[in-house]
Structures are given as C-alpha cells and as structure tokens.
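Using the hints, position chain U against chain Z.
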Amino acid sequence: MKNKKINNLNFKIGISIISLVLLFIIIGLFYTPYDPNAMDGTAKNMAPGFTHLFGTDNFGRDVLSRVMEGGRTTFFVALLTVAIGAFFGTLVGAFTGYYGGWLDEILMRINDGVASFPSILLALIVVSLIGPGKYNVIIALGIIFIPSFARVVRSEYITLKERDFVKNAKLMGASDLRIMFVHILPNTKAILLSSLTIGFNNAVLAEAGMSYLQLGVQPPDPSLGRMLSEAQSYMFMSPWCAIFPGIMIVLSVIGFSLINER
Amino acid sequence: MKYTLKKVLTLVLTLLIVSFLTFIAFQVVPGDSAVTQLGTNATEENIEALREAMNLNGNVLVRYGRWLSRVFTGDFGISSQYKIPVSSLILERMPVTIWLAALSFSFILVLSIPFGIMAAKKEGEGVDRIISFFTHTGMGIPPFFLGIIITLLFGFILKWFTPGSYIGPKENFGLFLGYMIYPALANAIPKAAMVLKFLRSSIIRQLQMDYVRTARSKGNLENPILYKHVLKNAFIPVLTFIGMIIADTLAGSIAIEQVFSLPGLGRLLVMAISNRDYAVVQVIVLYIAATIVVINFIVDMLYQWIDPRVRVK
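Chains as they are written, first to last, in full-length UniProt numbering: chain Z, 1 to 262; chain U, 1 to 313.
The hints are simulated quantities; they were obtained by calculation from the structure and are not laboratory data.
It should be emphasised that the depicted structure is a prediction, and the values quoted were computed from it without experimental measurement.
The C-beta atom is built at its ideal place from N, Cα and C for all residues, glycine as well.
Check each hint, because a few of them may be wrong.
[Said to hold, decoys possible] As a list, the in silico BS3-like pairs of lysine-lysine whose alpha-carbon atoms are at most 30 angstroms apart:
| no. | chain 1 | residue 1 | chain 2 | residue 2 |
| --- | --- | --- | --- | --- |
| 1 | Z | LYS12 | Z | LYS189 |
| 2 | Z | LYS12 | U | LYS122 |
| 3 | U | LYS121 | Z | LYS12 |
| 4 | U | LYS232 | U | LYS121 |
| 5 | U | LYS218 | U | LYS228 |
| 6 | U | LYS122 | U | LYS228 |
[Said to hold, decoys possible] Away from chain Z, derived, C-beta distances all over 10 angstroms, residues of chain U:
| no. | residue |
| --- | --- |
| 7 | LEU5 |
| 8 | ALA49 |
| 9 | ASN59 |
| 10 | GLY65 |
| 11 | ASP75 |
| 12 | GLN81 |
| 13 | LYS83 |
| 14 | ILE84 |
| 15 | ARG93 |
| 16 | ILE130 |
| 17 | PHE154 |
| 18 | GLY174 |
| 19 | LEU185 |
| 20 | ASN223 |
| 21 | LEU231 |
| 22 | PRO308 |
[What the hints assert, rightly or not] A short, non-exhaustive set of chain Z residues, derived as facing chain U with CB atoms under 8 angstroms:
| no. | residue |
| --- | --- |
| 23 | ILE120 |
| 24 | LEU124 |
| 25 | ILE125 |
| 26 | ALA208 |
| 27 | LEU228 |
| 28 | PHE236 |
| 29 | ILE249 |
| 30 | VAL250 |
| 31 | SER257 |
Next up, chain Z with everything else stripped away, as it sits in the complex (with noise of 0.2 angstroms):
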C-alpha cells in the first residue's frame, strides 16, 4: 500500500517536470526571446540577468533562446529515433515471436550480441561510415534501438500466442497477419509504452553525447550537447553556459524516468 503511494508520487513528479520541459520547448516553437543564432559583439559572456534569464554565451548570443532550440532538436532526434526502433523493433518482434523457427535463432543471435554493446559505441560506429550530421544521427541511433524493442515484443508475442483469445481467433478463421496486429498487438501495449520511455531517455542521452563529441548535430542547428562541448572552452568565464542545457538534459531525463516508475 505505501509502495503504491510512493509511485504514484513519482509519477505525478514526472509528469510535473516532463510538463515542464514541454512547455518550455512548445513555447520555443514559436517564440524565442532572442534570434538563437544571432551573435551581439556587445554582450559577451553577460551573467543570468533579466535582459537575459539564461545570461548569453561567447559571442554573445541569448543562452535562454538557445536552449529552447536546442532541446527541441534533442527532442527531434529523439522521438526519431525511437519511432524508426519501435516501428522496426515490432515488426522484427512480432514476426520472430510469432512464428519462431531458425530465422527466430538468428535474429535473436543477432540481437543479443548487437545488445551487449553500448548503443553510443555503435552510433560512432555508423556515424564514422555516413558522417555527422542530424538525419544520420537519427538514422544510426534508429537502427541501434531497433534490437531491443524487437527483443522486448518477441517475448511478448511467446506467451500471448499461447492464450486463448488468440486460438479462439485461430478458430474463427482470422489470418496471422491479423491475428499479429489486430488481437495480439494491443496487448502489448504496456511493455511497449514503458520500453518507449525508456528508448526516448537512452536517444536524448545517446544524440547529446554524441553531439557533445562534435559527432552529431552540426550548426547551425543548436543542440545541448553541442552547447556543453561549446561552453566547456570559457566555462570558468561563463558557467551558466553549461549549466543551463545540462540542467535540460537531466530534468527530462529524470522525468521520464520518473513516470517509467509507475
């Protein structure tokens, strides 16, 4: 009974902070308070202040602006990416899951090795091939997150295959294609929903390293990662330029951690 109570806390603080940064990012969407690009010779390395909440950088552009940006090209890649992995990922799973056999082995082979390496070394490993850049950041993080939601669905599909609703379907004359997506699929959806979550947390991680490593996001496009490699040069000047998209990166990240709780 505590424990349930202690959850549902959690979640409203997820939710809460995921509000939050939303929010913050929606309201990027349409307004900035600055052009985030735009340099001012004359507002260098300005401290959080109220002409610039956020304070401005080293060639005097608006830290506030650029964090909007730049979380929502985080989010971008992000939602992209673990789009292309769960559409990928279930398609993989449903069919590995359902029918098993030898190809069901190899994939899963497949899989578990691909699994056991770190998704950030890998992404380097396809971004070395294709070069940086925002599309093939999203293209080499997809392709990377598609084994485990294939891994998380397959499972799925083992034990529901096995109940009755899905022989009575059988019985009824229902095709497997619809028997997959039609009766098995919905019940899928809570594992999936929380794998989401978890994918979206590892992408925001994963495309802000990367960034951070000069190997992601290029500029223009402003990126969080790429702000915090930026800001580490004059950080003893400036610290909020750090700060503040490093601040965006946890609080969303916590967030959706938060109400994976649940």
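The following block gives chain U in isolation, referenced to the frame of chain Z:
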C-alpha cells in the same frame, strides 16, 4: 566441464564474428583510399604499392584473412593522420583508458553495494527515500555533464585540481592518480546509481522468498540472514548487470576523456572518426568489442561458480 567447453567455443566463435563484422563495416567506405591519400598526381606504381600495403587487393575473404593474421602479429597498419603505426598509437594510449575504467569500476562497486544494501534493508523509510532521490538524479545525468560540473566545482571553485593539467602515469604516478579520480567519479556515479537500484530491488525480491521466512521463524537474526543467505542469491542477477555496466564504463570513457582532456583510446577514436582515419577506428572498435565479449565470457564463468543450477542445465 561440458558447460565450460561450450562457453569457450562460443567465445572463440563470437570473437571471429565480431572481428569479421568490424572488418566488413569499414569495407563499405566509398572511394579508393589509396588514391585519396596520395592525391590524383601519384604514379600508377605508387598507388599500387600503397594499395598492397593498405590491404586493398583481392576479394573480401582474402583481405579479411590477411587482416586477421596481421592483427594477430600486432600489425594494425599505418594511421593516416599521424603517419605512424597504429599499434604504437594504441599502446601509448591504452594505459590511460584501462586506468580510467579500473578506477571507475572500483568507484561503482564502492558506491553501489553498501548503499544498495542499506536502501534495501530500510525499504520505504527515510534513508531509502533519500538514497532513491540520489539514484534517480544520478541516473539522469549524462557522465560528460557530470564531468563538466565536477570540473567546475572541484577544479574552478574549490581548486582541488587544475583542469587540463593531466600528467602521464610514467612521469608521476601519484599526481596521475590524483587527477584521474575526478574523471573516474564522473564516469562512475551514473552507473553506480543504476547498479544500486538494481541491487536494491534484487535484495528486496529475495527478502520476500519463503526461505527467508523459514530462517526468520527458526529465530535467525536479520543481519545473518541478509549476509549469509540473501546477498548470495541477490548478487546472481546483479552479476549480469555488472557485465553490461563494464561495457558501458568503457564506452563512457569516450566522452569523459574528452571532458578532462585525457590522452586515451576514446579521445583517439573521436579524433580518428573526425579525420576519417579508418585504420585507427577499426582497431579501437575491435579492441572495445573484443573486451566486451571477453567480459561477458568471464561473467558467464562466474555465474556457474555462484549459481550451481546453471551447471546442471
């Protein structure tokens, strides 16, 4: 014995597959790298000689065989950005990464095990709530951002170390370790939080088992039950998780080395990727991949040692 033999065979096979994939991945690079390197004015003979040296002749399998036999003799080719053998580049930078990983791993264990046990013991109480707050925060911070905060806090504000003043282990080992503590902490804290959370829930699950109730009903005290019976069982799932964490620690050092400007393999990898120095990228990827495969093998071996049920299966 049969189990061990099977695992050793799998290990060899996996290493072969991993090396083949690493080799194949970098064969799809477009363009003729020999021509790229020498420029369009090079003579036909020069290009041919370099093609031979860079192992660009023959079909894929032949080239793979040649590459693998070179790898075994420690000949990894020449780095295109530094113009020196890749093996000496790697050997020079390997100790830094190994030390970073070893220190990070020690921090992970020291931070996660005691606090994990404490949190599980006091489940739902104040201590547990405080620890859980820190684990959530710890898991949400990307290691490189934590590195930046540590640099800011301990480097610029408290002045416990001078950021960027890295000293090699051969020059002054004490100062080297003193500097490495900070990157290792940055690398370790997020992972320690994950291990802690995993260990806590594993212990809590064990505490609800029947054998614990039996032990309690026989009048055993809580602590002996925990340390003699529960922990041993609770560590079994944690072991696999720790195997994954070691792999993560290795990968995490790529960004951490960048934050603290450590001349390690990770930094070399990033430089090599931006300069398209594929010989170097290939070897580092192979090295990290092989390490991960071997670690997983060791975890499997440890598994059968602490969990006899595996041997029977």
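Which of the numbered hints above does this structure break? none
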